[in-house]
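Top line first, the protein sequences correspond to chains A and B.
In terms of the working numbering, the first sequence opens at residue 1 and continues consecutively.
In terms of the working numbering, the second sequence opens at residue 1 and continues consecutively.
Mixed in with the good hints there might be a few duds.
To be verified - In the PhoX-like style, the derived pairs of lysine-lysine whose C-alpha atoms are separated by at most 20 Å in a straight line are:
| id | chain 1 | residue 1 | chain 2 | residue 2 |
| --- | --- | --- | --- | --- |
| 1 | B | LYS5 | A | LYS56 |
| 2 | A | LYS34 | B | LYS354 |
| 3 | A | LYS4 | B | LYS56 |
| 4 | A | LYS224 | A | LYS201 |
| 5 | B | LYS56 | A | LYS12 |
| 6 | A | LYS202 | A | LYS223 |
No lab work stands behind these hints: they were computed from the structure.
What you are looking at is a predicted structure, and each value in this text was computed from that prediction instead of being measured.
Protein chains: 2
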Amino acid sequence: MTEKKLSTDSYKGVRDFYPEDMAIQRYIFETWSKTAERFGFERYDASILESSELYKAKGAENEELVNEQTYTFIDRGDREVTLRPEMTPTVARMVAGARHELTFPLRWYSIPNLFRYERPQRGRLREHWQFNCDIFGADDISADIEMIALSYQTLIDFGATPEMFEILLNDRREMADLYNSVGIIDEEIIAAITRLTDRKKKISAEEYHTYLLEIVGDELLAKKITHIVEDQSGTNKVLEGVRSLGIDNIRIDRTIARGFNYYTSTVFEIVDCDPTNNRSMLGGGRYDNLTTMFSGDAISGIGFGMGDVTMRDFLETHALIPAHIRSTAPHVMVIPMETEQNLFAEQVAMHIRKAGHKVATDIGTRKVGKKIGSASDKGCRFVIVIGEQEMKTDSLTIKNLLSGEERINTLSALMNFLNEA
Amino acid sequence: MTEKKLSTDSYKGVRDFYPEDMAIQRYIFETWSKTAERFGFERYDASILESSELYKAKGAENEELVNEQTYTFIDRGDREVTLRPEMTPTVARMVAGARHELTFPLRWYSIPNLFRYERPQRGRLREHWQFNCDIFGADDISADIEMIALSYQTLIDFGATPEMFEILLNDRREMADLYNSVGIIDEEIIAAITRLTDRKKKISAEEYHTYLLEIVGDELLAKKITHIVEDQSGTNKVLEGVRSLGIDNIRIDRTIARGFNYYTSTVFEIVDCDPTNNRSMLGGGRYDNLTTMFSGDAISGIGFGMGDVTMRDFLETHALIPAHIRSTAPHVMVIPMETEQNLFAEQVAMHIRKAGHKVATDIGTRKVGKKIGSASDKGCRFVIVIGEQEMKTDSLTIKNLLSGEERINTLSALMNFLNEA
Chain A
1 MTEKKLSTDS YKGVRDFYPE DMAIQRYIFE TWSKTAERFG FERYDASILE SSELYKAKGA
61 ENEELVNEQT YTFIDRGDRE VTLRPEMTPT VARMVAGARH ELTFPLRWYS IPNLFRYERP
121 QRGRLREHWQ FNCDIFGADD ISADIEMIAL SYQTLIDFGA TPEMFEILLN DRREMADLYN
181 SVGIIDEEII AAITRLTDRK KKISAEEYHT YLLEIVGDEL LAKKITHIVE DQSGTNKVLE
241 GVRSLGIDNI RIDRTIARGF NYYTSTVFEI VDCDPTNNRS MLGGGRYDNL TTMFSGDAIS
301 GIGFGMGDVT MRDFLETHAL IPAHIRSTAP HVMVIPMETE QNLFAEQVAM HIRKAGHKVA
361 TDIGTRKVGK KIGSASDKGC RFVIVIGEQE MKTDSLTIKN LLSGEERINT LSALMNFLNE
421 A
Chain B
1 MTEKKLSTDS YKGVRDFYPE DMAIQRYIFE TWSKTAERFG FERYDASILE SSELYKAKGA
61 ENEELVNEQT YTFIDRGDRE VTLRPEMTPT VARMVAGARH ELTFPLRWYS IPNLFRYERP
121 QRGRLREHWQ FNCDIFGADD ISADIEMIAL SYQTLIDFGA TPEMFEILLN DRREMADLYN
181 SVGIIDEEII AAITRLTDRK KKISAEEYHT YLLEIVGDEL LAKKITHIVE DQSGTNKVLE
241 GVRSLGIDNI RIDRTIARGF NYYTSTVFEI VDCDPTNNRS MLGGGRYDNL TTMFSGDAIS
301 GIGFGMGDVT MRDFLETHAL IPAHIRSTAP HVMVIPMETE QNLFAEQVAM HIRKAGHKVA
361 TDIGTRKVGK KIGSASDKGC RFVIVIGEQE MKTDSLTIKN LLSGEERINT LSALMNFLNE
421 A
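Model the full assembly from the supplied sequences, consistent with the hints where possible.
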């Protein structure tokens, strides 16, 4: 009878990061981080565990989201806990909690992992990471302009050119004014139109028209609304401000609404212009009332979030992942010929590391030829092979795997050769 | 009637990382990462969500741990899911899953967050991060020696001196031999003695004796065992090997057992020598059979884990956190005097960033004096104040907050001043 063996698969809808994938993930996180810090943003973080209340507080729609689309469970202390599905409520909680110690405007960023309990599909997994940037306590539209500039610069810092992507801008207050101008005043009807229009690009013109008619009940009114949301000639001060920073791949798109209820005016998205990856990669907006669910005055905020999965898809679509970041090879591989030389190899490696080099030993039991082959395949720059002779004489042979050049000398003398390379 | 306000507290037993704490956390993670990579370790990661089976497979003791000390819940697909309480089972799963594509020996590290459902206390929270390093596929003791050298070097790279900490080494096979030598052969009795001895430093000599008597039922035998576990004169090849690398703050401690069942021979800990923080900071050992819970042959492993909470306690106890890492201030703060100058300030900031500097704007509505004061408190190096005049003339004033020196010139001319600083 054999013991039941466990599967080596990861849990459904989440990813294992083997070193090659991890290297790409780190490259993405580090680039995000560098760009945010050049804009003066400070990094924060929090636990993935949050009280479920935090997500229910925003209204009935969110209660449904908490119940059906999140990982929520009761802990042994009878608390209802949720694995955070987004970062904005957490950051609002932290800002509200420390409001008296913080100096505004505040620029904060984070790279949290987020959880959604939904069917895994391309670009949407159950766990993903997100680059989250927010400015708190700045009501002026220059904050909106800066946030858009930061989102633009993030892609530029990955080597993207402005032709590869487009920034789509809208404003919820302007939309309300436009709807008011054709006689639609009722907030619930506006909300329904907004939700439908948000999906406009994903459905056919006929479907859009049918659903719109259901909401407004009048053919002429439906046409007027369609005219409003399809009009690309609009402009506003945020658009002009962004352009004044030398950013031209931005336009008004009246269909942009963003899903979250809490946005109050500016909303924006970045979409990939490549037809094979024509998706929204980033979304954000201004939310002026989010901290009011805690005690104290409202603190205005504007922010965006950008996912790691869509980011990597964008980089791969446009061939923007630099080859060198995939290599995680040590600079020097010290190769003992037999197990008897393993400890000496460790001593040599320890010595070389003192000069700051990345050094590993191949203390496996394979033949020396195989070991050298692996070091070369991996991308190591140097190998030092150690046999019985080398242990006795203190004279070592180092080989540059790129040039084929070899040197034989004492370890101290060889250090110069290594340091020059 | 007022709406019920939410608490701004984090969930029980977890931490919020405000920028100052986050800066320390990042310093710890980056130092860990650099040391591991200098030893040729490659970084991997995985999701915090794992099938609960993974933790139950190691035996009944673990089933209890899964049920009582982990966050475990049933997902909507009726799968039992656990928030990972440790990383070793995950890395064993990943290594076993890719065994045919990987080249051994494998050196992998990770900095995962781990979850334990226990009462929060000093140094033990419900969520913590851990530096996890493992070598797979190297049976020779040079791997054990290297792992101990890596754990030593990690502390040295934080600026610790060898007097600040001590490495305690033991070997489970040697312990079995020692117990056998006084006539104790039964594995369950050895396991019971091991569990008790692991707690020896936390209980009194009397308590230890009483419990030991209960296990072995014989006064003389209890004395022999006490003699064995208190003997510090022992040595072994791992100890000698570590010393041959120039590491002297290591000794045999026969009470070291480490909690996990899966360790098979070498086990080690690092303890802080400061009497105010006299705790274990790191623990590890060799586990030769862990991958056998998946299909395929056994792949030997040796690894250690080091927590972020105990690491930070150690650094604080020995005053090893460098002051400069706490500062997250931008290099330049651009300060508009009035809201009308905000957009111009954003344009100036955008220009300076192109030279790679960290630049923020203070687009709040406070008085300019307050804004300069905040920039100075925060640790900004330069301020550029922009009023109506500056917008008209294209001539800007930059002030070095450290030296007090001021320059007035065009932005392009001022860039040199900034770049030199």
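Right, here's what the structure says about each hint:
1. Note on B:LYS5 and A:LYS56: the hinted pairing holds, with a Cα-Cα distance of about 12 Å set against a maximum of 20 Å.
2. For the given pair, A:LYS34 sits about 13 Å from B:LYS354 by alpha-carbon distance, which is consistent with the 20 Å threshold.
3. Between the alpha carbons of A:LYS4 and B:LYS56 the distance comes to roughly 12 Å, so the proposed pair stays at or under 20 Å and holds.
4. Distance check on the hinted pair: A:LYS224 and A:LYS201 sit about 18 Å apart at the alpha-carbon level, within 20 Å; holds.
5. Restraint check for B:LYS56 and A:LYS12: the C-alpha separation of about 19 Å stays at or below 20 Å, so the hint holds.
6. Of the pairs offered as hints, the one joining A:LYS202 and A:LYS223 holds, with about 19 Å between alpha carbons and a cut-off of 20 Å not exceeded.
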